[in-house]
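*Asks:* Sequence:
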Amino acid sequence: PEPGWTIDRLVEARLKEKGFTPAPPAERSDLLRRATFDLTGLPPTAEELEAFLADPSPGAFERVVDRLLASVPFGERWARHWMDVVRYADSTGFGADYTLDEAWRYRDYLIDAFNRDKPYDQFVREQIAGDLLPTPVPVATGLFILGPKELAEYDKEKLRMDVVDEQLNTVGQAFLGLTFGCARCHDHKFDPVTARDYYALAGIFRSTRTIPPGNISGPISGWNVRLMEPTAENVKALADWKSQAAKARAKLVQVRDRKSSAAEARALERTIARTTDETELQRLQGMLAKKKSAVPPTPEEETRLEAEMVKALMRPKPDQMLAAEDEKAPSDIRIHIRGDVHNLGASVPRGFLQAIPLGRPVDPKGSGRLELAEWITHPDHPLAARVWVNRVWHHLLGEGIVRTVDNFGARGEPPSHPELLDYLAARLRERRGSLKELVREIVLSETYRRASRGGSTDPENRLLGRRDRRRLDAESLRDAMLSISGELDPTRGGSTMTYTGRLFVPYESSPLPVDPWRRRAVYLPLYRGTVLPDVLEVFYGAPPGMVTGRRASTTVPTQALFLLNSPFVLDRARAVADSLTRRADLDDGGRLSLLYRKLFSREPSEAEVRRARAFLGAGEGWTDLVQALFSSNEFLFVE
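Residue numbers (our numbering): 1 to 639.
Please keep in mind that the hints were generated in silico from the structure rather than gathered at the bench.
The model shown is predicted, which means the values in this text are computed figures rather than measured ones.
The beta-carbon is built from N, C-alpha and C at its ideal position, and this holds for glycine as well.
Check before you lean on any hint, since a few could be wrong.
Below, simulated SDA-like cross-link-like pairs (lysine to any residue); rule was C-alpha separation at most 20 Å, straight line [claimed, not checked]:
(1) Lys365 x Pro136
(2) Lys118 x Leu133
(3) Lys189 x Glu150
(4) Lys16 x Pro379
(5) Lys328 x Asp363
(6) Lys365 x Lys189
(7) Lys158 x Glu446
(8) Lys158 x Ala355
(9) Lys436 x Asp112
(10) Lys18 x Ala426
(11) Lys118 x Arg432
(12) Lys436 x Leu69
(13) Lys158 x His417
(14) Lys158 x Gly339
(15) Lys156 x Glu166
(16) Lys16 x Pro418
(17) Lys328 x Pro364
(18) Lys158 x Cys182
(19) Lys156 x Glu441
(20) Lys118 x Gly345
(21) Lys365 x Lys158
(22) Lys118 x Gly95
(23) Lys156 x Leu344
(24) Lys118 x Glu374
(25) Lys158 x His395
(26) Lys18 x Pro349
(27) Lys118 x Leu463
(28) Lys365 x Leu133
(29) Lys18 x Lys365
(30) Lys158 x Gly345
(31) Lys436 x His395
(32) Lys118 x Arg67
What follows is a set of in silico ranges between Cβ atoms, one per label pair, in the way DEER data are often shown [to be verified]:
(33) Asp588 x Glu634: 38 to 48 Å
(34) Asn633 x Gly454: 17 to 27 Å
(35) His342 x Ala152: 13 to 23 Å
(36) Glu537 x Asp422: 36 to 46 Å
(37) Glu606 x Ala410: 53 to 63 Å
(38) Asp422 x Gly621: 30 to 40 Å
(39) Asp588 x Thr555: 31 to 41 Å
(40) Asp112 x Gly181: 52 to 62 Å
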């Protein structure tokens with residue numbers, strides 16, 4: 001059968017049962033724009049539109065889908081979806097808001113995983129227990145460290161259990177569609193999760209080190225940082241550096257032992273040799289200056305100290321990442337009566353939900369994360385695969401088969417098409433967890449390709465008789481403007497943080513630049529305690545403090561004001577206008593045609609051309625016209 005045949009059969013059976021007629025197929029230009037945004041988060045180019053419309057063959061759309069699945073933007077788009085779920089941010093949040101300087105490595109891991117089409121069960125295992133696998137992938141366990149943390153909490157045991165609770169809830173909602181938080185204080189009132197289950201799972205996370213031991217008050221830059229595995233390239237670089245450093249040291253004049261200040265200078269020399277943090281090096285430089293004033297240095301000493309400082313500042317820093325690891329002595333924990341860390345009940349062996357008795361027991365010598373990963377990815381697990389395919393369906397069709405994508409429990413909505421959910425979960429297992437094959441089957445189905453208008457009346461489209469008309473998410477809106485203006489920076493990966501350290505500033509007076517980059521929005525740094533980039537704030541980007549599988553989509557006046565007054569929008573409109581007016585080979589009609597193809601993936605109608613000519617003839621410029629079209633519903637929404 002054709003790709004998507006079973007999906008269509010299951011959907012049409014429900015429509016027929018209710019006596020509803022499905023909508024006709026979407027216009028080809030609408031379909032191209034829809035698929036390109038859904039799979040990559042970017043608009044199709046005018047050239048891609050022209051090529052697709054010029055190819056009437058039955059396999060034309062299938063070839064477009066395969067091209068989009070193979071593109072790098074696919075991984076960036078779907079990594080952003082997952083970052084919503086795992087509450088990605090580049091700082092800890094709350095009052096003592098420290099930057100997580102290496103969080104970007106987890107983001108880049110996600111992009112690479114989706115582009116490589118990593119099997120879903122492997123994807124899950126790596127994030128929960130990547131450091132414990134035969135082929136370790138510790139960077140994936142950054143999932144545990146990215147959550148919000150109140151590091152200023154005085155009661156450190158409460159802090160640790162708050163962190164455990166947040167991690168447990170994230171894993172529960174992300175992978176199982178279940179909320180565990182209620183069971184911290186009492187048995188869950190609606191779902192089969194007891195307090196005993198909660199503390200059996202909590203023991204696994206409490207036996208995992210994701211925050212530093214002792215008093216938590218220093219900068220976060222050295223916090224749970226693990227050196228990256230050496231590669232042939234950096235091993236050679238390190239060897240070259242050691243050789244050069246040895247030659248340089250041989251030429252240095254040693255500091256004479258001049259009473260206490262000279263001895264302290266020697267100690268500082270040893271400290272500098274081990275220091276890679278630039279802030280700390282600046283502090284040491286100040287201390288050395290004081291020692292110079294206490295004991296006047298010889299010219300040789302001054303030259304040596306300056307040489308050491310320059311070498312320290314130029315020293316290559318080792319690659320680092322945020323990663324979880326097992327505590328040295330993993331242990332079970334006791335039930336906390338009413339959630340109070342100082343009111344303890346019976347000890348609970350580490351384990352999983354009693355309602356889903358799968359997998360092997362936890363090895364008492366380890367944290368239990370490896371066994372937890374195996375339990376979640378067990379072929380007979382009733383939730384994990386269904387939760388994942390439901391998320392994929394939600395991103396492609398606008399609503400999940402279970403609309404409460406983060407809650408499959410009793411308080412969530414039941415599935416609209418349970419047989420379809422079961423089928424997609426089975427197909428995921430048959431295809432060894434391939435996201436790309438799952439997306440391909442859904443996108444090539446008639447259900448996906450239907451128009452957003454027509455068909456029988458079904459106000460909430462519960463029966464999937466048509467395509468839901470959806471507004472662009474915040475990142476796609478921003479990236480589309482940059483792409484259309486030709487300003488989108490294609491640079492991939494790496495850190496874009498412009499500030500590191502403690503972000504202890506009032507919300508309204510953040511010193512951080514709001515959006516200094518022209519790269520894709522997925523690479524923008526997200527600081528929890530300060531202002532998000534404007535477009536993410538105004539168009540409801542995912543809040544980085546909680547699991548967000550389904551974003552809010554609300555229309556408010558500030559969005560129209562943003563499109564009318566934002567320097568970002570005005571600059572993009574100006575860039576598009578400049579690119580059009582530079583086209584000496586086009587008259588105004590040709591420029592309007594190109595503009596409409598870039599923004600709307602279609603040609604302008606005769607009436608639209610007349611109105612645009614009248615607008616330009618009245619003295620308004622191309623920049624104003626482009627900005628007006630950027631603000632239109634046709635640009636903001638995908639049919």
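*Asks:* Each hint should be assessed against the structure and marked as holding or not.
*Replies:* Going through the hints against the structure:
Between Lys365 and Pro136 the CA atoms are separated by roughly 18 Å; this keeps the pair inside 20 Å, and the hint holds. Only pairs whose Cα atoms come within 20 Å are accepted, and Lys118 paired with Leu133 is accepted, the gap being roughly 15 Å. Distance check on the hinted pair: Lys189 and Glu150 sit about 28 Å apart at the alpha-carbon level, beyond 20 Å; violated. Among the hinted pairs, Lys16 with Pro379 is inconsistent with the structure: their alpha-carbon atoms are about 33 Å apart, more than 20 Å.
The hinted pair formed by Lys328 and Asp363 meets the criterion: a straight-line CA distance of about 14 Å does not exceed 20 Å. About 33 Å separates the Cα atoms of Lys365 and Lys189, which puts this hinted pair outside 20 Å; it is violated. For the suggested pair Lys158 and Glu446, the alpha carbons sit about 53 Å apart, so the restraint of at most 20 Å is broken. For the hint pairing Lys158 with Ala355, the CA-to-CA distance comes to about 28 Å; that exceeds 20 Å, so the pair is violated.
Between Lys436 and Asp112 the CA atoms are separated by roughly 13 Å; this keeps the pair inside 20 Å, and the hint holds. Distance restraint check for Lys18 and Ala426: the Cα-Cα separation of roughly 26 Å exceeds the 20 Å cut-off, and the hinted pair is therefore not satisfied. Our distance criterion of 20 Å between C-alpha atoms is met by Lys118 and Arg432, whose separation comes to about 9 Å. Of the supplied pair hints, the one linking Lys436 and Leu69 holds, its CA atoms being roughly 7 Å apart against a limit of 20 Å.
For a cut-off of 20 Å, the pair hint linking Lys158 to His417 is broken: about 43 Å separates their Cα positions. At most 20 Å may separate the alpha-carbon atoms for a hinted pair to count; Lys158 and Gly339 meet this at roughly 10 Å. Restraint check for Lys156 and Glu166: the C-alpha separation of about 15 Å stays at or below 20 Å, so the hint holds. Simply put, Lys16 and Pro418 have alpha-carbon atoms about 16 Å apart, close enough for the 20 Å limit, and the pair holds.
Among the hinted pairs, Lys328 with Pro364 is consistent with the structure: their alpha-carbon atoms are about 12 Å apart, no more than 20 Å. A C-alpha spacing of about 17 Å is found between Lys158 and Cys182, which places the hinted pair at or below 20 Å, so the restraint holds. Distance hint between Lys156 and Glu441 is unfulfilled; the C-alpha atoms sit about 49 Å from each other, more than 20 Å. Distance hint between Lys118 and Gly345 is unfulfilled; the C-alpha atoms sit about 42 Å from each other, more than 20 Å.
A hinted pair counts as satisfied when its Cα atoms are at most 20 Å apart, and Lys365 with Lys158 does not qualify at roughly 25 Å. Distance restraint check for Lys118 and Gly95: the Cα-Cα separation of roughly 37 Å exceeds the 20 Å cut-off, and the hinted pair is therefore not satisfied. At most 20 Å may separate the alpha-carbon atoms for a hinted pair to count; Lys156 and Leu344 meet this at roughly 16 Å. For the proposed pair Lys118 and Glu374, the alpha carbon gap of about 17 Å is at most 20 Å, so the pair holds.
Taken as a hint, the Lys158 and His395 pair is broken in the structure, with Cα atoms around 37 Å apart against an allowance of 20 Å. For the suggested pair Lys18 and Pro349, the alpha carbons sit about 50 Å apart, so the restraint of at most 20 Å is broken. With a C-alpha separation of about 32 Å, the suggested pairing of Lys118 with Leu463 is violated against the 20 Å cut-off. Between Lys365 and Leu133, the direct Cα distance comes to roughly 15 Å. Compliance with the 20 Å bound is thereby established for this hinted pair.
Distance restraint check for Lys18 and Lys365: the Cα-Cα separation of roughly 57 Å exceeds the 20 Å cut-off, and the hinted pair is therefore not satisfied. Distance check on the hinted pair: Lys158 and Gly345 sit about 16 Å apart at the alpha-carbon level, within 20 Å; holds. Note on Lys436 and His395: the hinted pairing holds, with a Cα-Cα distance of about 13 Å set against a maximum of 20 Å. Between the alpha carbons of Lys118 and Arg67 the distance comes to roughly 18 Å, so the proposed pair stays at or under 20 Å and holds.
Between Asp588 and Glu634 the beta carbons are some 20 Å apart, a value that contradicts the proposed interval 38 to 48 Å. Taken as a hint, the range 17 to 27 Å holds for the pair Asn633 and Gly454, whose Cβ atoms sit roughly 19 Å apart. A hinted range of 13 to 23 Å for the beta carbons of His342 and Ala152 is consistent with their spacing of about 19 Å. One distance hint, 36 to 46 Å for the beta-carbon pair Glu537 and Asp422, holds here, with the actual separation near 39 Å.
Roughly 56 Å separates the CB atoms of Glu606 and Ala410, a value that falls within the hinted 53 to 63 Å. For the pair Asp422 and Gly621, the beta carbons lie near 57 Å from each other, so the given range of 30 to 40 Å is not met. Between Asp588 and Thr555 the beta carbons are some 33 Å apart, a value that agrees with the proposed interval 31 to 41 Å. For Asp112 paired with Gly181, a C-beta distance near 32 Å fails the hint of 52 to 62 Å.
Consistency with the previously given hints fails for numbers 3, 4, 6, 7, 8, 10, 13, 19, 20, 21, 22, 25, 26, 27, 29, 33, 38 and 40, ordered from lowest to highest.
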